[in-house]
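Chemist: For reference, the chains in residue letters:
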Amino acid sequence: MMLPLFIIIPLIAAFLITLIAGKKDVWGIVLSVVASAAMLILAVISFLNVNGETIIYEMGNWKMPFGIALVLDSLSGYMLIIVNLVALTAIIYSIQYIRHLGQDFKYYALFMLMLTGMNGVILTGDIFNLYVFMEIALFAAFALVAYGCRAEEYEAAFKYAVMGSVSSIFILIGIGVLYSATSTLTMARIAQTVPNLSPQIILWVGGLFLAGFGLKAAAMPFHAWLPDAHSSAPAPISSMLSGVLIKVLGIYTITRIFFNVLDAPAVFLTIFIVIGTISILISGFLAIIQWDFKRLLAYSSISQIGYILLGIGLATPLGILGAVFHLFNHAIFKSLLFYDAGSVELALGTRDLQKLGKLGKLLPVTSGTSIIASLAISGIPPFNGFFSKLIIIIAAIAAGQPVLALLAILGSILTLAAVMKIQCYGLRQDVDVEPREKIGLGMNIAMISLAIICIVGGLLVAPGIREVALDPVVNVILEKAEYVQTVLGR
Amino acid sequence: MQSHILKIAARHLLLPFTIMSIIILWRGHNQPGGGFIGGLVAASAFILYNVAYGVQDAKKILRLDPRTLIGIGLAIALFSALLSVFLRMPFMTGMWVDVFLPLLGHQHFGTPLLFDTGVYLTVLGVILTVVFTLSEES
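Residue numbers (my numbering), protein chains in the order written: chain A, 409 to 898; chain B, 2 to 139.
Just chain B, with the same shape it has in the complex (with noise of 0.2 Å):
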């Protein structure tokens, strides 16, 4: 099937997409949202660059191979988790940091928010896993 518009669709967008992707996961802390969701709204993007444009060209604007995406985003969990027995504290407290930042003023930083994008990018590489195998078969 051939669809000029769902192919310019998915074109444009993949970018609002995972911008929106990102802001979901930015206030997911405190406000509903989170690294889960974040990662599956970034996927739901490419799942429809696939079904437009077929495999092949999905995998070529991902750039990575999205098992890399998972044992990255696992290994950024697991630092987040870690980085509190560095300091001498429990294992995964949560840490916090406040930083002012030239447009967005005073943010609060804090280690569920790392812990947040290790489960985003691991969501996102097990979705596309899935999606790349089941339609590379068929």
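Chain A with its partners taken away, still in its complex shape (with noise of 0.2 Å):
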């Protein structure tokens, strides 16, 4: 019963925020607040009741091959909590951040909107229900990426529409053409029938699926919209965007799809990690010339996504590790530093780094924690940033591949660089400015919360954790056969 939880709650909380809180916006914080803290609890609870396990809900009682299921297993449980997590922070935060753009209650029910696609396409079974979910977390993401309703935000939101309605496309294209050679969209009872489709069927549908979650994903030669799209959009949607969206949509499906479906077609994975180093380079240098606060950490995501291809590419269980770490690791780090940018811009009005000055004093907490979100996304240790770029540049050496590890490592001084470039002429300068508002207290506690678990989360793999938290999501990854039987065979 705690499957459709994550889909009506938000659901709910979307519909009675634009009932009711039409005239008074505390309605609207009230409920999404409640909403998203009871799915973080309920997602931690189910994770750790999921335990290795696999739990199937069949909608509406219709039968398992037949009908679309629900399916909660360790990666997905996993994927909940990140979404949830970076949501309540993200809801937190706007309390403050998104009340000089007005119609606050229009924002809360999109915010909603969106957590519902994205918990839905975690949840779903059924490939086409996939397709459904994200087209509704996919609106509602262009909505509120034009919700400061300026030009630039409209430019970047309609272009944001434009990639993402091509990349749609090529999704539905591929699960056509999945559907007339397997005749069943139940995501379990496709890999059942992959293994007796002819192989050129697996690469045009591979092809297409590369193309169009490789789309929403932003892995490099994908990538044009992104940087537009998540430095116009608000902080806190930024944050979403960056944090959770671009994995939930272009992350978890490829893993799902191309792993648990399709069994890893040698020639895909090879694709990945080519996808991933041009990623984690090109965009590496691409950040380090930009001046814009914000547009600086959008490509740096880019680059971010680069290592979790790479170490899905690889596909050996420290590989795989590796991605799912960082891939929790960059959630935080990232939203954080996209709070960071968007109290600075709040306090300051601009976020063209030459503009900025001594933030120390004026913005305490800010520049506190962009040190540690700063330290972190540029693996120095003891952070968590350290132990998933250093697990992924093992697992490239373990698989015989030193250059790849050599081409990450370069990549981390990338970004070390570039978050410096932020530090030294951002925060740190030698020019004093005049704040214009007061950074409130929910936007530090959205901060302060995930900076505290940027100095904890390397704990993750030490080893007693490591078998409760990340052992079961790379072992969902990487036995396929598994999966298929626990959703099919009872």
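Hints in this document: simulated from the structure, not taken from any laboratory. In this text, all values refer to a predicted model and were calculated from it rather than measured experimentally. Virtual Cβ for every residue (Gly too), placed ideally from N, Cα, C. The reader is advised that the hints may include incorrect statements.
With a Cα cut of at most 35 Å, we get these calculated DSBU-like pairs of lysine-lysine [as the list claims (entries may be wrong)]:
1) A:K514 with B:K61
2) A:K567 with A:K471
3) A:K432 with A:K567
4) A:K432 with B:K61
5) A:K514 with A:K763
6) A:K514 with A:K567
7) A:K514 with A:K432
8) B:K8 with A:K432
9) B:K60 with A:K514
To give a feel for the contact side, a few chain B residues facing chain A, derived at Cβ under 8 Å [claimed, not checked]:
10) L75
11) L79
12) G106
Derived Cβ-Cβ restraints for the label pairs, each shown as a range [what the hints assert, rightly or not]:
13) B:L105 with A:S588: 39 to 45 Å
14) A:L580 with B:V131: 20 to 26 Å
15) B:F37 with A:I805: 52 to 58 Å
16) A:G468 with B:G55: 41 to 47 Å
17) A:P629 with B:T134: 36 to 42 Å
18) A:L456 with B:T130: 42 to 48 Å
19) B:N31 with A:G584: 36 to 42 Å
20) B:F37 with A:V864: 49 to 55 Å
Starting from two chains that each stand alone, build the complex the way the hints lay out.
Modeler: Next comes the structure, spelled out in structure tokens:
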């Protein structure tokens, strides 16, 4: 009974907010905070309950190969925790941040719809259902990117909408081809039939999905929409988009479909490695030359997505472990950096790094947490980013690819250079600046809580915790036969 | 443009269109039709009225704000999906009752019809919101 709650709660919250919060925005805040806190608690409980097993929920009492089922295994539980954790902090952060944009209740309703879509994508066991939930999340995201109603935001949202629709078309055609070849839309059932399909079909379907989900994940040749969309959106939305949306719609779907359904065809794993490495290096360089705070962060997101793709492409247990751990870490520290950028923008009215100045005294929490996040993202011990990057680099060496390891280290240095640029020019320049607005308690709580997770997050790979937290997730990705059996075999 | 034929036609077609849309909604579950198409047909009646008489009159004849229709429709659809949860069955399970009605005989009612009604109202609301907004601006 727990599984549909992840879809029902935000959906009801979205409707209620639009119905009753029209006059008083307080209701929007209360409802969305309660809803996202409840879902975070539920996500943690269900992840601990799952414990390496798989829970199936048959929607509408239609039995499994025919109906649509919600599937909760360790991978989905892990993703749910990440999504709802970042969402809760983003809502708390939004309370003050979004006030100057007006008509708050629409913002919260759209936010809840986006959450509905993401939770649905994570939980569904039906490939067309996945597409529908993905569209719900995307359409809410288009509107949220344009929420500030300025020209650049409209332009970014339009670009995002066009690219998002193109990628959706690729995915839809892929689903169509797969359906005509296998006569089913249930993912586990498709996985069962895949060994009998001709390699050509797998190649076509994989290519379509790679283009579609690659566009959603914004890996390097598909990245053109991301810097605009992520830098123009309101800061909490940037953190949601960069922190979790591209991972849920891009990385999670890629791992689920390519590993659990299509059985990890070798040619695509090579492509993941190539795309990942290109993303790490080129967007590392592109990040350094940016002067816009949020644009720099957006480019660095592409480079971090590259690390995750590199780990996935290696397809060794160690590589996958590094990838899923980096996925969690990147969600945390990139969201934190976007919160920092947002509070700087709120306080000073600009995010041009050249116009910022001495912020240590002015915004102590912002500058403190931004140091933690910067060190974490560039992989400095003992922060969480260090461990995940280290694991990916070790995995590359262990897989006999020392060149990739070297490039990954180079990418890490580029990231360090980019975030040091933020620290030197942005926050510690010797210029005095006047603040326009004080940063309130809610925004500080959001930033501090993520900073604490950055510090203690490294513990997830510690022996004892790793067996509970990360190993079941890696198992789900690597054991395809188990996925089919647990979903269908009863 | 003032056309008497159009005006009279629009006024008299409003009722048949609405009745037709409800029939389409009614036969939807097992035959071609359903909430989505029914909503489109109902919306087309109001669009015709909008073309003939202008936005203000069309809004007046609808009485409700189309956005309220969207909210009501979504709430009905959600309620129909939640009904089974209250009776300890999986979410969205279809439930049916047989009812004897004086003129129509034995009828088979179920939550899918309720869900379709929600879709009908939502589609009507969405289309009319779009059409009214566009014709107000031009």
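Chemist: Output the indices of the hints that this structure fails to meet, ascending.
Modeler: 2, 8, 12 and 19
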